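K.L.:
The primary structure of each chain is shown beneath.
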Amino acid sequence: MSDRQVDDHSGVETTGHEWDGIRELDNPLPRWWLWIMWASVAVAIVYWILMPAWPGLHGYTKGLLHQSDRAAVVGKLNELKTLRGVQAARLTNASLEEIERDPQLQAYALTAGQAVFGDNCATCHGVGGAGSKGYPNLRDDVWLWGGSLEDIQQTITVGVRTGEPHARFSQMPAFGRDQMLTGAQINDLTEYVVALSRRPADKAAVARAAPVFAEQCVSCHGVEGKGDPTKGAPNLTDAEWLYGPSRDSIHGQIFNGRGGVMPTWGGRFDPQTIKALAVYIHANAGGQ
Amino acid sequence: MTVVIDRTKDGGAKGPTESVSAAARLRAKSVKTGLYQPRVPIYPKLVHGFWRRVKWALLIATLAVYDVTPWIRWERPGALPDQAVLVDFAHGRFYFFFIQLWPQEVYFITGLMVMGALALFLVSALFGRLWCGYACPQTVWTDLYIYVERAFEGDRNARMRLDAAPWSFDKAWRKIGKHLVWLGIAFGTGGAWIFYFHDAPTMIRSFWSGEGPATAYVFCFLLTGTTYYFAGFMREQVCTYLCPWPRIQGAMLDEHSRQVTFLKDRGEPRGPHKKGQSWEGRGDCIDCNACVVVCPMGIDIRDGSQLECINCGLCVDACDEIMDRVGRPRGLIAYDTDAAVAARSCGKPAVYKPIRLRTIYYASALIAVSVMMAWGLTHRRALDLHVLRDRNPMAVRLHDGAVRDGYTLKIANRSFRDKTVEVSFAGIPGARLKTPGAPATSGPLSVLVEANESRAARVFVIAPPAGAGQANTPASFTVSDGKDEATAKTVFTTGAAQ
Numbered sequence: 001m002s003d004r005q006v007d008d009h010s011g012v013e014t015t016g017h018e019w020d021g022i023r024e025l026d027n028p029l030p031r032w033w034l035w036i037m038w039a040s041v042a043v044a045i046v047y048w049i050l051m052p053a054w055p056g057l058h059g060y061t062k063g064l065l066h067q068s069d070r071a072a073v074v075g076k077l078n079e080l081k082t083l084r085g086v087q088a089a090r091l092t093n094a095s096l097e098e099i100e101r102d103p104q105l106q107a108y109a110l111t112a113g114q115a116v117f118g119d120n121c122a123t124c125h126g127v128g129g130a131g132s133k134g135y136p137n138l139r140d141d142v143w144l145w146g147g148s149l150e151d152i153q154q155t156i157t158v159g160v161r162t163g164e165p166h167a168r169f170s171q172m173p174a175f176g177r178d179q180m181l182t183g184a185q186i187n188d189l190t191e192y193v194v195a196l197s198r199r200p201a202d203k204a205a206v207a208r209a210a211p212v213f214a215e216q217c218v219s220c221h222g223v224e225g226k227g228d229p230t231k232g233a234p235n236l237t238d239a240e241w242l243y244g245p246s247r248d249s250i251h252g253q254i255f256n257g258r259g260g261v262m263p264t265w266g267g268r269f270d271p272q273t274i275k276a277l278a279v280y281i282h283a284n285a286g287g288q
Numbered sequence: 001m002t003v004v005i006d007r008t009k010d011g012g013a014k015g016p017t018e019s020v021s022a023a024a025r026l027r028a029k030s031v032k033t034g035l036y037q038p039r040v041p042i043y044p045k046l047v048h049g050f051w052r053r054v055k056w057a058l059l060i061a062t063l064a065v066y067d068v069t070p071w072i073r074w075e076r077p078g079a080l081p082d083q084a085v086l087v088d089f090a091h092g093r094f095y096f097f098f099i100q101l102w103p104q105e106v107y108f109i110t111g112l113m114v115m116g117a118l119a120l121f122l123v124s125a126l127f128g129r130l131w132c133g134y135a136c137p138q139t140v141w142t143d144l145y146i147y148v149e150r151a152f153e154g155d156r157n158a159r160m161r162l163d164a165a166p167w168s169f170d171k172a173w174r175k176i177g178k179h180l181v182w183l184g185i186a187f188g189t190g191g192a193w194i195f196y197f198h199d200a201p202t203m204i205r206s207f208w209s210g211e212g213p214a215t216a217y218v219f220c221f222l223l224t225g226t227t228y229y230f231a232g233f234m235r236e237q238v239c240t241y242l243c244p245w246p247r248i249q250g251a252m253l254d255e256h257s258r259q260v261t262f263l264k265d266r267g268e269p270r271g272p273h274k275k276g277q278s279w280e281g282r283g284d285c286i287d288c289n290a291c292v293v294v295c296p297m298g299i300d301i302r303d304g305s306q307l308e309c310i311n312c313g314l315c316v317d318a319c320d321e322i323m324d325r326v327g328r329p330r331g332l333i334a335y336d337t338d339a340a341v342a343a344r345s346c347g348k349p350a351v352y353k354p355i356r357l358r359t360i361y362y363a364s365a366l367i368a369v370s371v372m373m374a375w376g377l378t379h380r381r382a383l384d385l386h387v388l389r390d391r392n393p394m395a396v397r398l399h400d401g402a403v404r405d406g407y408t409l410k411i412a413n414r415s416f417r418d419k420t421v422e423v424s425f426a427g428i429p430g431a432r433l434k435t436p437g438a439p440a441t442s443g444p445l446s447v448l449v450e451a452n453e454s455r456a457a458r459v460f461v462i463a464p465p466a467g468a469g470q471a472n473t474p475a476s477f478t479v480s481d482g483k484d485e486a487t488a489k490t491v492f493t494t495g496a497a498q
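Each protein sequence line maps, in turn, to chains A and B. In terms of the working numbering, the first sequence has 181 at position 181, counting the first letter as 1, and numbering is strictly consecutive. In terms of the working numbering, the second sequence has 277 at position 277, counting the first letter as 1, and numbering is strictly consecutive.
Derived, one-sided and incomplete: chain A residues facing chain B with beta-carbon distance under 10 Å:
#: 1; residue: 101
#: 2; residue: 107
#: 3; residue: 129
#: 4; residue: 238
#: 5; residue: 282
#: 6; residue: 285
FYI, nobody ran anything at the bench for these hints, they're computed from the structure. The structure displayed is predicted, hence computed values, not measured ones. Virtual Cβ for every residue (Gly too), placed ideally from N, Cα, C.
Excised from the complex, chain A in its bound form (with noise of 0.2 Å):
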């Protein structure tokens, strides 16, 4: 930069370069730019010191204030967990009626139990426990293994067919896939359980499967066909049907003798958990 240049217009020191007879002039640079640009460095430096910032081979610099992001969430849970500590106490200690009776409580189980069914129960139950074929509607007034707060309480702690001991059970035969019964006393039966939920049926096919229906399926449905809650045995006389009300779909469920599989929750959740998610059921299903 030997040869200084400065411009006529202004008076400003140019750079040198031109472009189409266009030269770029010299000014300083802005003094508050300036200033900002070393605030923000003397910054950094301080951010270094006090903050977590430089990686090493083992670990990094901690920083004077030993922050931590993950102490911090670590910290909110477990003051979350005293400030519901209470209320997850009195939870433990009421029985499911007294939950029901104490408006706060109530509203606390609800809560809680609408949090553990969104994230556990509604891949199968739906997110409003409505079911859908095959899985059941936990909504209404029709329960396969009882519908009071300690039977819904006991359904879930143990689960059906999960193949454990204190599961639920209940098995309905395969009439038509392990040829029990023939196609033409299958055709019958499904006739009969038409008639059963006071719909019109072949009359003849009907009388036909009386005999069968008696000798087959009556140790659990019984002799009305209004079923046993206490072997989960479905009652076929009401218009609420797990697989589908069609003479199609009961003629499917007496060929396979379809049965769901609900997983065993008292391992996974802790009791007063359960306890919310019964109470949370009872109540969205208008109790019983």
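Model the placement of chain B on the given structure of chain A, informed by the hints.
P.N.:
The following block gives chain B in isolation, referenced to the frame of chain A:
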């Protein structure tokens, strides 16, 4: 890369001329220096007179209202706060003496703001920017800060000399003292603010023991900072550059608005006047600059109505004092209208028209909104109901074919006593109601709602097997405690597709 065109070094005007007002000096300087404009300091001179006394009185009154209000107690039943004016964010309640508002009733605040805006319009159309000159916090606090400044540094000339003087012990203690008192006032301002949001006696103890909520310290700090900065340093620049109101006022004012006016018809031609000289053939203005040196906005009112003028009337007092001294009638600068000045200039009598189309508009709109607000507040419902219908599942079919819909009723009890309300349902003949854990009933349900609380109640409606109606039937819930009643519309659905 920068282009060689660099206007900041342009020659332009040759320095400030004999301009006297700060605004004129500012304009002159802006031509010289280009885009960025350093503030031209304003040293308002102390003035005595009627409008100054009004301003002192309003200053004391508004500051007193601001500082004392949170400490007024107002008995309310139960565990409710006994602070007359309290914005309780934690519980979502706003208390104002006998009025208590819930977040859902924020439209009352909106209404209040609409009223404030309309009142501002009306006053502006009639009397110009009285709000700016007398009641605006920016004006009030700036006035107070200038008072402090004057106490430490003396009046206008002394302050100008002090600022121009080199640093000395005398200058240092005056400056430091002034800033300390300013900071004290700022802290008092920021500190008073937080009492509007918490129980004041509790807050003041927890604040000083370091146990107050973080928001209290943050807001106290912020408002201390903004008060100190706005009233101490920004001053008239807030009004001229930051505040939108000077721009809006152009639409409110017209030639019939009474505002601080230099009566050209009487004052011009202006010029120095020696004692004993005749007043014949000249105006009453002796060009003494008294109106300019007292102006907190740094303008010359004789240039006519202008953006910076806050209509505070200090120049009116200053001019009256001079007129008394030279033996001319007062009111050369007065609250007058442009139309009157124009009429008198043509030798016609001045006509004042306070009742004009726009003042009629503003006044009737203001009255309408006030009546609506008053009606709303007196007819505020103590009981309110919102119904949330279950959407998943929409409906549940029971074993006997009956249809059951689930609803969550949000019942708000805005009164100060517990209420047991009866919940009834209309729309489906023969429908039964049920709450969790209780048998279904055909009669109304009873729900207890605590005082000043809202309660979410789960209610199931069971339609008889054949009586569920079409896919969607309009229905309604009603809650009543015998005295107050609230109804909310909803729909009973069978869940079937339409």
